[in-house]
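**Student:** Spelled out, the chains give:
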Amino acid sequence: MPGGGACLADYGRKARNRAISISFYWIINTSAKIAFLLLLFISKAAGGTKRGTKMKGNVVYIAIAGLCGVVIGYQQLQPFHFIALLFYFLFLFIRKRAVLPICLCAAAFFSLYMLWVDRHNKTVLSRDQMNFSVRFITSPAIDGDQLKGIVKTINESEKLQLVYRIKSEREQQQLSGIQIGMICTFRGTLKTPEPARNIGAFDYRRYLRFQHIHWIVQPSSFSLRHCRPTPLTVYESLLLMRKKGLDDIESSFPSSTVGIVQALVYGERTEMDDSLLDAYQKLGLVHLLAISGSHVTLLVRACFYMFIRFITREQAALVLLLLLPVYTVITGASPSVVRASLTAMILLWFSYKKSIILPLDALSAVFLAMLIVQPYALFQAGFQLSFIVSFTLILSIEIIEQYLSPLTRLFMTTLIAQISALPFLLYHFFEFSLLSLPFNIVFIPLYSFVILPLSLVSLAAHYIFEPMSSFLMKGLEQIITISNEWVLAFKQHHSLSLILGRPSPFLLTCYSIAIVFAFMQMEQKQYRSLLWIAAVVFLHMIVPYFNRYGEVVVLDVGQGDCIYIELPYRKGVYLIDTGGEMKLSKQPWQKRQKEWSVGNNIVIPFLKAKGIRKLDRLIITHGDADHMGAAIEVINAIQVKEMLIGKGGAQQPLQMSLIAAAKKQGVAIREVGRGEGWEAGSAIFYVLNPSDEKELSTDNNRSVVVYAKLGALSWLFTGDLEKEGEEKLIRAFPHLRVDILKVGHHGSATSTSEHFLQTIQPKIAVISVGKNNRYHHPHPDVIERLQKHHIKVLRTDQHGAIQYIYNKKFGTFTVMLP
Amino acid sequence: MSEYCLLCHRRYAQRMSWRHLLMLKQTDVLCHECRCSFVLIAGDLCECCGRPFDRVDESYRQGELCIDCVRWKHDSTWSGVLTKNRSVYVYDAFMKEVIARWKFRGDYALVEAFRTDMCREFFRHFPRNSILVPIPLSSARLYERGFNQAKALAELLGLPILDALERFDSAKQSKKSRHERLETDRVFHLRSDVSLPAGASFVLIDDIYTTGTTVHHAAKVLRHAGAVDISSFTLARS
Chain X
1 MPGGGACLAD
11 YGRKARNRAI
21 SISFYWIINT
31 SAKIAFLLLL
41 FISKAAGGTK
51 RGTKMKGNVV
61 YIAIAGLCGV
71 VIGYQQLQPF
81 HFIALLFYFL
91 FLFIRKRAVL
101 PICLCAAAFF
111 SLYMLWVDRH
121 NKTVLSRDQM
131 NFSVRFITSP
141 AIDGDQLKGI
151 VKTINESEKL
161 QLVYRIKSER
171 EQQQLSGIQI
181 GMICTFRGTL
191 KTPEPARNIG
201 AFDYRRYLRF
211 QHIHWIVQPS
221 SFSLRHCRPT
231 PLTVYESLLL
241 MRKKGLDDIE
251 SSFPSSTVGI
261 VQALVYGERT
271 EMDDSLLDAY
281 QKLGLVHLLA
291 ISGSHVTLLV
301 RACFYMFIRF
311 ITREQAALVL
321 LLLLPVYTVI
331 TGASPSVVRA
341 SLTAMILLWF
351 SYKKSIILPL
361 DALSAVFLAM
371 LIVQPYALFQ
381 AGFQLSFIVS
391 FTLILSIEII
401 EQYLSPLTRL
411 FMTTLIAQIS
421 ALPFLLYHFF
431 EFSLLSLPFN
441 IVFIPLYSFV
451 ILPLSLVSLA
461 AHYIFEPMSS
471 FLMKGLEQII
481 TISNEWVLAF
491 KQHHSLSLIL
501 GRPSPFLLTC
511 YSIAIVFAFM
521 QMEQKQYRSL
531 LWIAAVVFLH
541 MIVPYFNRYG
551 EVVVLDVGQG
561 DCIYIELPYR
571 KGVYLIDTGG
581 EMKLSKQPWQ
591 KRQKEWSVGN
601 NIVIPFLKAK
611 GIRKLDRLII
621 THGDADHMGA
631 AIEVINAIQV
641 KEMLIGKGGA
651 QQPLQMSLIA
661 AAKKQGVAIR
671 EVGRGEGWEA
681 GSAIFYVLNP
691 SDEKELSTDN
701 NRSVVVYAKL
711 GALSWLFTGD
721 LEKEGEEKLI
731 RAFPHLRVDI
741 LKVGHHGSAT
751 STSEHFLQTI
761 QPKIAVISVG
771 KNNRYHHPHP
781 DVIERLQKHH
791 IKVLRTDQHG
801 AIQYIYNKKF
811 GTFTVMLP
Chain Z
819 MSEYCLLCHR
829 RYAQRMSWRH
839 LLMLKQTDVL
849 CHECRCSFVL
859 IAGDLCECCG
869 RPFDRVDESY
879 RQGELCIDCV
889 RWKHDSTWSG
899 VLTKNRSVYV
909 YDAFMKEVIA
919 RWKFRGDYAL
929 VEAFRTDMCR
939 EFFRHFPRNS
949 ILVPIPLSSA
959 RLYERGFNQA
969 KALAELLGLP
979 ILDALERFDS
989 AKQSKKSRHE
999 RLETDRVFHL
1009 RSDVSLPAGA
1019 SFVLIDDIYT
1029 TGTTVHHAAK
1039 VLRHAGAVDI
1049 SSFTLARS
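These protein sequence lines are chains X and Z, in that order.
Just so we're aligned: the first sequence equals residues 1 to 818 in the numbering used here.
Just so we're aligned: the second sequence equals residues 819 to 1056 in the numbering used here.
FYI, nobody ran anything at the bench for these hints, they're computed from the structure.
Yeah, the Cβ is synthetic: ideal placement off N, Cα and C, and Gly gets one too.
Be careful, since some hints might not be right.
Stated by the list, open to error - With a straight-line Cα cutoff of 30 Å, these simulated DSSO-like cross-link-like pairs (lysine-lysine) come out:
1. Z:Lys843 / Z:Lys891
2. X:Lys354 / Z:Lys993
3. X:Lys525 / Z:Lys843
Claimed, not checked - The calculated label-pair distances, taken between Cβ atoms and stated as ranges, are:
4. Z:Leu840 / X:Pro818: 57 to 67 Å
5. Z:Leu840 / X:Ala535: 15 to 25 Å
6. Z:Ala911 / X:Ile308: 32 to 42 Å
7. X:Pro195 / Z:Met841: 17 to 27 Å
8. X:Glu401 / Z:Leu840: 13 to 23 Å
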């Protein structure tokens, strides 16, 4: 029997896979059950009718212990965690000895649980699998020429992220027939998702891993003919309903309102205009577009008062208890919806039982239950913001109720919510807007009392009585258009955004202490303590100016160059090139809702994460798109003091549009050439190219070449300089020696000649080059030449961003991808 | 933490605040509504007896003192006997009902409701090395009531308590007019087995300060026994 062994092995593999998938299922299922039991138990204990119940008011301490547990389980025990945990337990020992044992247990349980979940979160598929048979477990979304959806393999029950590049407009129409629950077979390849390749960039691998997804599957061809529908689970039919509802809104509402109505009714933001969403984000209004606690409360209240016209209060509570889970799924089950609905359910249940539970206990129980179902959620911005804001507001009722007028209360509520979210916003988005407070005070009532009810009513009218709805929609359109205009105008011109950068653990601790202290003082009507928060913000602002380390970061901008230089004590911040992508012309059907761009997705987040409010110099080596394509985005997002371009570069078409944009933003523009230079602190910069000679033919050879002495080492940034330019360079500077060479033209064979290397004798070569680029850079000959000279090579395609941190004497290289 | 409010006996949800979370504030035994019904004495006070000026007519005021205190000062037998008095709550209709229930109807547990405010106000006005002297009850009254309300209050403060006084009279103060009260010349006497520590500050503790006669009588006894600095602290005052 020739195939017997293989068959047996296959069987063995299948059995193992089956076992793993079963155990995986078991985790998901049991964790949901454990979470449910825990919820019941905690609620029971916290709301117990016996006098002096130990748990009452104390669940929050267990929740904090659980939180510590999850963090330790995920990141292992680090000194910082250890100290924090020690302080926490010391506090409990002194002040709350009764709950100390259970908190110890919770911390231990959650850390082991997280460890266990993380250990079991791995793939059973092998990279070389080609044939797939998968079932769609979410509604697939078609965005331009891309179809995306989460699928589950039939045999192994492993979740995959499916991404298919649609080839024609006809295919796009055809594929819109694919629905949740369909089983499709196709040939395709598995790809590992990209980790963050740059500081401050989005970590797609981690994001998917947190959803237990380890592969992106890319079908080579994909057709509806190889798909068949299967019966849906209850959960999936709810998702289908959601999809239908979203489509209904898209087809019936005026186009300017679609995005916002979808967000308010179904918690779906993908249809929103990108710049508008960005504006809402910038002005701190984006929470209005998420379904939040106030949203759920408003709906529950409205329904409750409507129901009790017809049924008893108890029945109304029960009906709502049944409806809330449905509502949660229909609105996309984002962390804020789940949190708000579960809390509302606990509170309803207790009011039904004529018992009382503290809102804080209910919230803490929900927190613990959500951590059990999905411990990774703790590391998501949405989860963190949702819980911290509601937690803070519950604890701050005393502060808010000191005031009687509704306007002051709204002001205080908004202020408290903003303050509590501040460290989290800074950590995830690196900036906050000073306008956020006034805008919220206008927009919270506008959304809660006008736009949200109007959206719901016009949607209801659309289903019940069509003629009425068009009238309502007109009104809605008017209001939304005006409010959007305001938001966009302010974002554009006076966003008063304060870029502070990602806070260090030390600063985060300062923020937390200052904020808790301020809230405690505010309870006693002392508002001077708000100055402490302002002081920490100020400290955050000036901390880089006391940093004795400088750094050079070669960003991984794909195929292109972007090099960031920060001098010690921030005596100067420079950017050499910005990277950029080739603009490919796209058919209208191919256009995606949100196009990825080097500027918005890599360079600007990086600069913001560093807390750069102003670039001293932006040096554009030459006018190729892969060096300056993102420059306009950078100039518009971050203040630039001066832009340097090569002599004669102003005539180049791409640079001409850049110069026009720079002038509009008030950036000084200077043409530089050989012989110029500047000093800043102990650093020295010389421009070695372009020279005045006219015979240099190509743009590449007219690249601005910068020689820099930073700390103990000298660098040569060559732009796209080619052989001819190199020759000219060493003829002009025969004694030029450098320690680190930024290899010219991404390692193309036409650069980095033998003679050049012999002359300048670098020790380390850095190549900024795109992964799998179409030019097959770097050329093997160049690598060979570098190796022959025993030069250590660092490549952005292999290492991600390359960071060099230095002080006067020493420096170290680190790379993003180990 | 209890489930029901000590005063209105309704079930209530405890309000959590930041100071509760950090255990800087004990959880309350009253519901929020009942707690808000207590009126703390605040604002401009008579330097001597702690009467809030904003609750009386302007004509009762002479400089930093109220007319009552001026009268005490001019009376040679009483002048300088009592350094000062301070009280926690305003003795209004609500407070009257609360004290009646606590004292006359024996709802002893209510004393817990006064703890936080008592402690805070006491240490705002008096030093930590004070010695507390609760106003005594006559033995008949003590038997009838089961507890001495002044002593119960003093016990909240956690400072040394000196039972220095005993009472002659058995007629209730609250059944007498100001004139009658002043006429009664000897209400208290020093217990024979007690000696006062020299140089200490004494704080008399009582439930209500109405005319100030009781504490003045008690202070006088202590003064005769050699005490120099005698003040009083009461739960409520009119």
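**Student:** Now look at each hint and say whether the structure bears it out.
**Tutor:** Going down the list of hints, with the structure as the test:
1. With a C-alpha separation of about 40 Å, the suggested pair Lys843 of chain Z and Lys891 of chain Z falls outside the 30 Å cut-off, and the hint is violated.
2. Restraint check for Lys354 of chain X and Lys993 of chain Z: not satisfied, since their Cα atoms lie roughly 46 Å apart, outside the 30 Å limit.
3. This hinted pair checks out: Lys525 of chain X and Lys843 of chain Z have alpha carbons roughly 16 Å apart, not beyond 30 Å.
4. A hinted range of 57 to 67 Å for the beta carbons of Leu840 of chain Z and Pro818 of chain X is inconsistent with their spacing of about 41 Å.
5. Taking the beta carbon of each, Leu840 of chain Z and Ala535 of chain X are about 21 Å apart, inside 15 to 25 Å as hinted.
6. The supplied range of 32 to 42 Å is met by Ala911 of chain Z and Ile308 of chain X, whose beta-carbon atoms lie about 37 Å from each other.
7. In this structure the hint that Pro195 of chain X and Met841 of chain Z lie 17 to 27 Å apart at CB is violated, the actual value being about 43 Å.
8. Our hint of 13 to 23 Å for Glu401 of chain X and Leu840 of chain Z holds, since their Cβ atoms are close to 20 Å apart.
Checked against the numbered hints listed earlier, the structure breaks hints 1, 2, 4, 7; every other hint is satisfied.
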